[in-house]
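Heads up: the sequence lines are chains A and B, in that order.
The first sequence runs 1 to 258 under the numbering used here.
The second sequence runs 1 to 257 under the numbering used here.
Calculated directly from the structure, the hints in this document are not laboratory data.
Note that this is a predicted model, so its numbers are computed, not measured.
There may be inaccurate statements among the hints.
With the C-beta cut set under 8 Å, the calculated list includes, among others, these residues of chain B facing chain A [stated by the list, open to error]:
id, residue
1, Q228
2, G229
3, R231
4, I232
Backbone N, C-alpha and C define an ideal beta-carbon position, used for all residues, glycine too.
One letter stands for each residue in the lines below.
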Amino acid sequence: MNSFDFIATSIEGYVALIELNRPRQLNSLNRKMVSELVEAMETFDRNDEVRVILLTGKGRAFSAGADIDEMTNDDSISLELLNQFADWDRFALIKKPIIGAVKGFVFGGGFELALCCDVLISASGTEFSFPEVSLGVMPGAGGTQRLTKLAGRTKALEWLWTGERIPAEEALKYGVINKIVAPELLMEESMKFAERLANQPPLSVRLIKDSVNKAVDTSLSEGMQYERKNFYLLFSTHDQKEGMKAFIEKRKPDYQGK
Amino acid sequence: MFETIRYEVKDSIAWLYLKRPGSLNAFVSQMNREVKEAFKKATYDEQVRCIVITGEGRAFCSGQDLSEVNEKMDHGQVLRDHYGPMVKQIRQCEKPVIAAVNGVAAGAGFSLALACDFRLISERASFLNAFIHVGLIPDSGNLYYLTRLVGQSKAVELAILGEKVTAAEALSMGLATKLFPLESWENDVADFAGRLAALPTKAIGLIKRSMKATQELSFDEYLEHEAQGQRIAGLSKDHREGVSAFMEKRKPVFTGQ
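Here chain A stands alone, though its shape is the one from the complex (with noise of 0.2 Å):
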């Protein structure tokens, strides 16, 4: 893979681990770091020795937002001719878990990009909060439509208007995160969970998720179709066979992913 001016990656084991990289700037997303995460990510969809991508910052926080700097002289056709958001639209494509591992500040653009994942795991005492208003803006990377469809449309409208910074517990109240650990030990958490993920059956992992976004975006009867026809083409692979078979055999499935 080529190396990245902010961002850092690295595998180990099944998991290919991201970081953000702008600890000094609180991971504050620019143009370049955008575009690097999605190159990172698509690569280690198409690489079969990874299963599960878990996506977190260096330093104290998640990331701070989008780098203010980089858009204080844009305008309307500026921005529809760089058409920087295409870029995140590719994050909805990776196939792979994304498991995001938050802490510190998890605001503006870093609040969409944590909701890119599929798991977010989250330090105690961690900050998320959509600040754009306060700039005259909004959100315009998915962030009124992702946390709509996750905290519905109640809270979603009350932190989106006030900006205010709602704490880890709050965002676990409303299924924004799946759950909180000890900071000293985020890492540790949800490289144990990215790693369980990781032992599970790499196609079943895949045609969940694909299903269950499925479910987000469609009617209950169309998605029960799609979901069934995914069930029917899991009874073709070698980890169908192979998870049966170690069942009534009472011993543990070795899954290949295939």
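Put chain B on the given structure of chain A with help from the hints.
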């Protein structure tokens, strides 16, 4: 840098003196802010392993300075803006915090003492929930802590009757950790603080974290919280030091790491 308080770090102990003796160390909003800032400083200062807050002169703290009170103000907003952030900052601190109550602790001064982990009291100390006498309710977390410290029935008495609690009574109802005589007061407080500062600071922080969790979590959730806490403690240098000192039959030297 501070005007209403004095802040010093000596031998791993942060000393925070309320410094408005002319008004019995009454709170003005600047003092709320400075206490909060000092706690923040002590929390992030790696040299500091124990924090002591005490009053200069004959009082610990007499509560809100009434000269700053304007009856048109929103009493709730004063708490949200000044007292709440201060007691939250203290609650966030994972280092041991001592209130060295050298004299009267009234109103929000009582609340300040309650927000600390230990209350060391001198013979001159007293506690007073004065709020009821002006038709207000105990604030700045007062009842939250008081109920847990002395139980419901005693807390109700102190809050509603608003009677002064003497040093001896405070000790017997579990409000205070230790009562020290006047003549050795400063040395006794320094010794106690020194003892705390020499303990495994990380473990103390994790104990405080777990104590808070008991108030917020279900039993099953608490057990998971506890397991995480023990994992962190088990990785600490002080744990290793404690174990080797035990094996080598010597006194452990903890560094707080």
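Task: Interface hint outcome for I232 (chain B) [beta carbon to chain A under 8 Å] - done: holds (5 Å)
- [ ] Identify whether the interface hint at R231 (chain B) stands, where standing means a beta carbon of chain A within less than 8 Å of its own.
- [x] holds (6 Å)
Open item on the list: Holds or violated: the hint that G229 (chain B) contacts chain A, with Cβ atoms closer than 8 Å.
Closed with: holds (7 Å)
Open item on the list: Does Q228 (chain B) hold up as a contact with chain A if the rule is Cβ-Cβ below 8 Å?
Closed with: Constraint on Q228 (chain B) satisfied, holds at 5 Å.
Of the numbered hints given earlier, the model fails none.
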